[in-house]
Structure formats: structure tokens, C-alpha cells
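2 protein chains.
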Amino acid sequence: MTEPTPATIDVVAIGNAIVDVIARSDDAFLAQHALNKGAMQLIDAATAEQLYADMGSAIETSGGSAANTLAGLAALGKNCGFIGQVNDDQLGAVFAHDIRALGVRFATAPLSGDEPTARCLILVTPDAQRTMNTFLGASQYLPATAIDADLIRSAGILYLEGYLWDPQQPRAAMRAAIAAARDAGRRVAFTLSDNFVIDRHRADFLDLIDQGLIDILFSNEGEVQSLVQIDDFDAAVAQVAAKVPVLVSTRSEKGVIAVVDGIRYEVPAAPVAQVVDTTGAGDLFAAGFLAAHIDGRGVEDCLKLGAAAAAEVISHYGARPEADLNRIRDALFG
Amino acid sequence: MTEPTPATIDVVAIGNAIVDVIARSDDAFLAQHALNKGAMQLIDAATAEQLYADMGSAIETSGGSAANTLAGLAALGKNCGFIGQVNDDQLGAVFAHDIRALGVRFATAPLSGDEPTARCLILVTPDAQRTMNTFLGASQYLPATAIDADLIRSAGILYLEGYLWDPQQPRAAMRAAIAAARDAGRRVAFTLSDNFVIDRHRADFLDLIDQGLIDILFSNEGEVQSLVQIDDFDAAVAQVAAKVPVLVSTRSEKGVIAVVDGIRYEVPAAPVAQVVDTTGAGDLFAAGFLAAHIDGRGVEDCLKLGAAAAAEVISHYGARPEADLNRIRDALFG
Numbered sequence: 204m205t206e207p208t209p210a211t212i213d214v215v216a217i218g219n220a221i222v223d224v225i226a227r228s229d230d231a232f233l234a235q236h237a238l239n240k241g242a243m244q245l246i247d248a249a250t251a252e253q254l255y256a257d258m259g260s261a262i263e264t265s266g267g268s269a270a271n272t273l274a275g276l277a278a279l280g281k282n283c284g285f286i287g288q289v290n291d292d293q294l295g296a297v298f299a300h301d302i303r304a305l306g307v308r309f310a311t312a313p314l315s316g317d318e319p320t321a322r323c324l325i326l327v328t329p330d331a332q333r334t335m336n337t338f339l340g341a342s343q344y345l346p347a348t349a350i351d352a353d354l355i356r357s358a359g360i361l362y363l364e365g366y367l368w369d370p371q372q373p374r375a376a377m378r379a380a381i382a383a384a385r386d387a388g389r390r391v392a393f394t395l396s397d398n399f400v401i402d403r404h405r406a407d408f409l410d411l412i413d414q415g416l417i418d419i420l421f422s423n424e425g426e427v428q429s430l431v432q433i434d435d436f437d438a439a440v441a442q443v444a445a446k447v448p449v450l451v452s453t454r455s456e457k458g459v460i461a462v463v464d465g466i467r468y469e470v471p472a473a474p475v476a477q478v479v480d481t482t483g484a485g486d487l488f489a490a491g492f493l494a495a496h497i498d499g500r501g502v503e504d505c506l507k508l509g510a511a512a513a514a515e516v517i518s519h520y521g522a523r524p525e526a527d528l529n530r531i532r533d534a535l536f537g
Numbered sequence: 204m205t206e207p208t209p210a211t212i213d214v215v216a217i218g219n220a221i222v223d224v225i226a227r228s229d230d231a232f233l234a235q236h237a238l239n240k241g242a243m244q245l246i247d248a249a250t251a252e253q254l255y256a257d258m259g260s261a262i263e264t265s266g267g268s269a270a271n272t273l274a275g276l277a278a279l280g281k282n283c284g285f286i287g288q289v290n291d292d293q294l295g296a297v298f299a300h301d302i303r304a305l306g307v308r309f310a311t312a313p314l315s316g317d318e319p320t321a322r323c324l325i326l327v328t329p330d331a332q333r334t335m336n337t338f339l340g341a342s343q344y345l346p347a348t349a350i351d352a353d354l355i356r357s358a359g360i361l362y363l364e365g366y367l368w369d370p371q372q373p374r375a376a377m378r379a380a381i382a383a384a385r386d387a388g389r390r391v392a393f394t395l396s397d398n399f400v401i402d403r404h405r406a407d408f409l410d411l412i413d414q415g416l417i418d419i420l421f422s423n424e425g426e427v428q429s430l431v432q433i434d435d436f437d438a439a440v441a442q443v444a445a446k447v448p449v450l451v452s453t454r455s456e457k458g459v460i461a462v463v464d465g466i467r468y469e470v471p472a473a474p475v476a477q478v479v480d481t482t483g484a485g486d487l488f489a490a491g492f493l494a495a496h497i498d499g500r501g502v503e504d505c506l507k508l509g510a511a512a513a514a515e516v517i518s519h520y521g522a523r524p525e526a527d528l529n530r531i532r533d534a535l536f537g
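These protein sequence lines map, in sequence, to chains A and B. Each residue of the first sequence is one higher than the one before, starting from 204 at the first, in the working numbering. Each residue of the second sequence is one higher than the one before, starting from 204 at the first, in the working numbering.
A few of these clues could be false.
A pair holds if it fits inside one copy or across any two, identical chains being indistinguishable in the list.
[Stated by the list, open to error] Here are the simulated SDA-like pairs of lysine to any residue, each with C-alpha atoms no more than 25 Å apart in a straight line: (1) Lys-240 <-> Ala-526; (2) Lys-240 <-> Tyr-468; (3) Lys-446 <-> Arg-467; (4) Lys-240 <-> Ala-304; (5) Lys-240 <-> His-300; (6) Lys-240 <-> Asp-257; (7) Lys-240 <-> Arg-403; (8) Lys-457 <-> Thr-481; (9) Lys-240 <-> Asp-527; (10) Lys-457 <-> Val-431; (11) Lys-457 <-> Val-475; (12) Lys-240 <-> Glu-252.
Everything labelled a hint here was simulated from the structure, so no lab data went into it.
Work out the full structure: start from the sequences and follow the hints.
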């Protein structure tokens, strides 16, 4: 490991480059299509086509878990870069436009050819729960050569999403990125993303943690329990927290917790007038947490800004912030 | 003219088949790009590309003036058909999916080739005004052969948007549709769309009216004045109303009026907690008005349902209804 030079950008993230297709739905529709409410499932092109044909009128917004987190970080004034794979089709242009319009560096060359830009068909039920059906398309072909090692080395934090562990090529790319980041003395943040993702990759995730490659681990209640296969939240947190410098876990309306250097911090959920669509809650929580962390704030402030950013994004459709997050931060911290 | 047989569908509309690309903006951005606030301008591919690159992160939703009106009519239980031209690209698939998902018949064959599906780059300023920049792409190539005369004859009302008078081919197609509708004893509704459109086609529009080809004319305050080039609203209304059986005019916060068989009706604007984006206000007003009209309600009720539908659509981003319009109608009429 070389002596770290000062980082010139705050966060570089590697994630799925996805356009979200959001429609309202009811529970009967989920049941008819055998969809697992609240979860993310990967679907193939034929299933995507059929489900899209069956679902209601939709809106399209750029999405992707890590990309949503960067959208929040950029909105909070952080200097960010994104690495992810789109096709050179119309939805790829939408994704690239939106992330660049936020000021995020995004230079991954689009693919040509038959694998279209990834889409996530998101069904939002009246209880504001989102059920995600992801057609990965081009996103699963992010090659290791797309990892700009200079960019990785220049960023204080490398942020990775568990969702992208599913496809083989991006997984290899992320392993290369982790190596580059560690070699440059940078920190690595990782989000566990989803229980079913953990089921598919538990051994890998535990191995990354055991090797000390993860500095900041983002999770929700179910994920931290699933990771170590312990049904009790506090026991699961204790076990995972012993292995990572910073463990963060969101618990929906029960608030958010972090364990840093063995000390547990807890903050209640931020109030929301009406929860409309929970898509992006975890992503924006991570954005708020990291933004405050980069600003050198204490753990409780990090949790508070995370909770406030999550509260903003669940108050409307779509997983990217609509309100001015700086104003929300200033209201919190003065 | 043959004796009319009973209509089997309520409304068939011909309009631009557009995907809206909506971003927030400020007045300075409009000034820098020499954009005429509140209006619609046609832009070419190069301008569309440059403006898109400059504008902020966006959301995409299906739009198009007449198509938005059908979305409202379909939501209110009316049986509708749409004729409009998309390309067989991703945005064309989005447009087709969304209008079919609403239950609207849409069978216009997509174009192949280089003219992409139309996009409207909509900049919404903090005062909720929308400034529209339309790249017509495929939409301007709607051929007269796309007019399904059987469909036109089967519908009680043919609904046309003034915006589509700009491109030559759709204008010819609409003239053919008017002829088919009149021949079948159907009524023709027409919306004037925009002051600048009227400036370009005033003689044509007045000619259609003078020939008695328009049964229901939708307008806003500025448009009805522009049509007859009279600055006084009441005088302009009186002059136009003498030539069309039903004249309807919206006046933003000043409410809505209709003149039917020489009698003027007036209804105040429906209350809105927060006006977010005025895109689609006129389109949804027309939807509510026509839905109540088809149900055989009196003119005041038509105005009320129009105003209520408009109030719904301006309370959020995007020009298609999000709330349940049937519930809004039932709250009005019991």
C-alpha cells in the first residue's frame, strides 16, 4: 500500500446504470405475476416485455442504486464520479444526460449492439412499497477495462452496490476497483442491497468483510440479519459490527442505527407527511450519511442527514431527490 | 352526409405522439436560451440535442396535447382511440405502451428509419409555468393513409389539436379525418393549442370555423383573442361564439367559460393546494369537459369537471393525471 495522496474527488461509485419505469399497481397484480413484494428480482428480456405490456402507464426516471446515491451526494455539493454500463440507445442517453446534469463525472463508453440499457420495472402499491423487476441488459456487461484506476485512486471513497455482484463481469470489475482503492489508501463503502442478493452471494460478501476490504457497510434490518443468518437484529448488528469500522443499518419507520468503533448510535426516522413511493430510500439515506461524513460531522449527524434525505425521496415517485437537499441539511445543522 | 349510425366509441383523437422530458429550470436559463416563457416552440434535432445537454436532470412521461386529453377521458371511463406517429424506437415504445395501458386504442404503425419519436423538452420554472420545446421527429410524418376512416366514423367526437397543424402531412391527414367525420354525421372538436400556432395558421383556423366544420372549440384567453385579433376577451368570445356551437375558453386562475347556443356559462377555477407544473392544464380541462358532455351533463357541470381535472394535473409534474379522476368526478356530482 502506497502512502495516500489527498483525494481530489469525494466519491466514485460503480453500479447498475438503470432507467426506472415506475407504475402504480395493486397487490392483486403482484400476486397474478408471482412478484415478491418489496424485493428486487432479475428478469430476462421476454419477461420484461410481458410485464411491461401488462403494467400500467408509467413514468421513466434515471435510477440504479449507487447512481441514486451519487445523485443525492451531488445535490449535497459532493464531487462524484460514476462507472456503469449503458447501451448507446435512447434510454442510455437519458441515463447519461441525467447523471451528468447533476454534475457527476460519467465517462463509461456506451455499448453498441443488441443489449439495451437496463430497465427496472417498478410497481408501487398503495402502501408505497416498491417491487422491482430488473432487466439488466447492457448493465451486466460492464467490463473490468471500464474501471478507470486513476479515477478510483482520486476518490476518497469507493462506493459499491451489492446488486451489481450478480452479473459476472461487473463483479470482476468491482474486485479490481476494490484492489485499486485499497492500494491507494482509499476507503470502500458497500451496500448489501437486497436479501435475495445476499442469499446468492453471502459467502463472497462475508469474505470481503473478513478480509477487511469494507470500511463502511450499508444495510437494512433484514439484510444485516440475513448476512449472518441471525434472526435477532441486535445480535446480528453486534456480530457484523465487530468486523467493519462503520456499520449502518436502516429500519424503515423504526429509524436508523450505526455502530462505529464499537459504539452504537441511533436516530429516529424523519417525519414524512405522506409516504408515496419508498424507492430509493436506502440509496438516499446512504447519500445523506456519506455527505455528512465527508463534511467531518459526528455519527449522529450523519444518521440524521441520511434519514432526512430518505424522507425526502419517499415523499414522491422516483428514487432521485426533487427538493433542495442543501436546504434540508441547513435546516438540520443551521 | 349519410344518416349517422350510433357511435361505438366516444372520442377519437389525432395528435402529436410525444414523450415529454421534464426538468426544473429558472428564468435565467430561459433567458440564456432565448426561450419564450409559457409558449411552445418547434426545434430541430441539433437544437434539441444542445438544449437537452444544457438542461437539468429530467423525468420522461408520455405527452402530446390530444393524447393527454385522451388519457383523461380514458381515466373517466370513456372509450377512446388515438392516431399519431411514433418511430419504432424506445421512446416510441414508451408512448405506445402508456396510451394502450390506459385502454386507448392506438394502432398507427410506427415508422422505421432516422426520424425518432417526438420529444418535448419542458422547462418548468418555480412559478409552475412550463416552456415547451418540441422536436417533432416522426410525429410530423403522420401520413393521410394512417387515418382509419372506419375508426373516425365509429367515434361520436373527432378531437384535433392545433399543434398538429404545423407539419404538412398531418395537416392533410386531419383534413381527411374532418371530412370522414362530417360525412358520418360526427362532431368535430378542435383545440387552438397556442398563440404562435394561431399566428402561423390563423387563416386556416378561421376558414375551418367559417365552413362550420368545428362543433366544439377549445381555447384559452389569449388564444381566443389572438384568433380574431381582438384584445378584449369578452368581445373576442362574442365574435367567435357566433360561429361555433360550443366555444370553451380557460382563463387560468380566473376560471373557465363556455358559450353554448349564445348563452355564456362561467365557473371559477378549482382550488389547488400547490401549483407545481401547469403542463397539461388545458388538455385535462378538455378531458373533463368532454367526459361530462358525453355523459349528457349540463354546460356548468362540463366546466366544473374540466376545471377539476385541470386542477389535478397542475398539482404535480407531468401532463397526465395521477389521482383517480372518477373519484374527483363523484365528489363533484355525487
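Please write out, lowest number first, the hints stated earlier that are contradicted by the structure. 2
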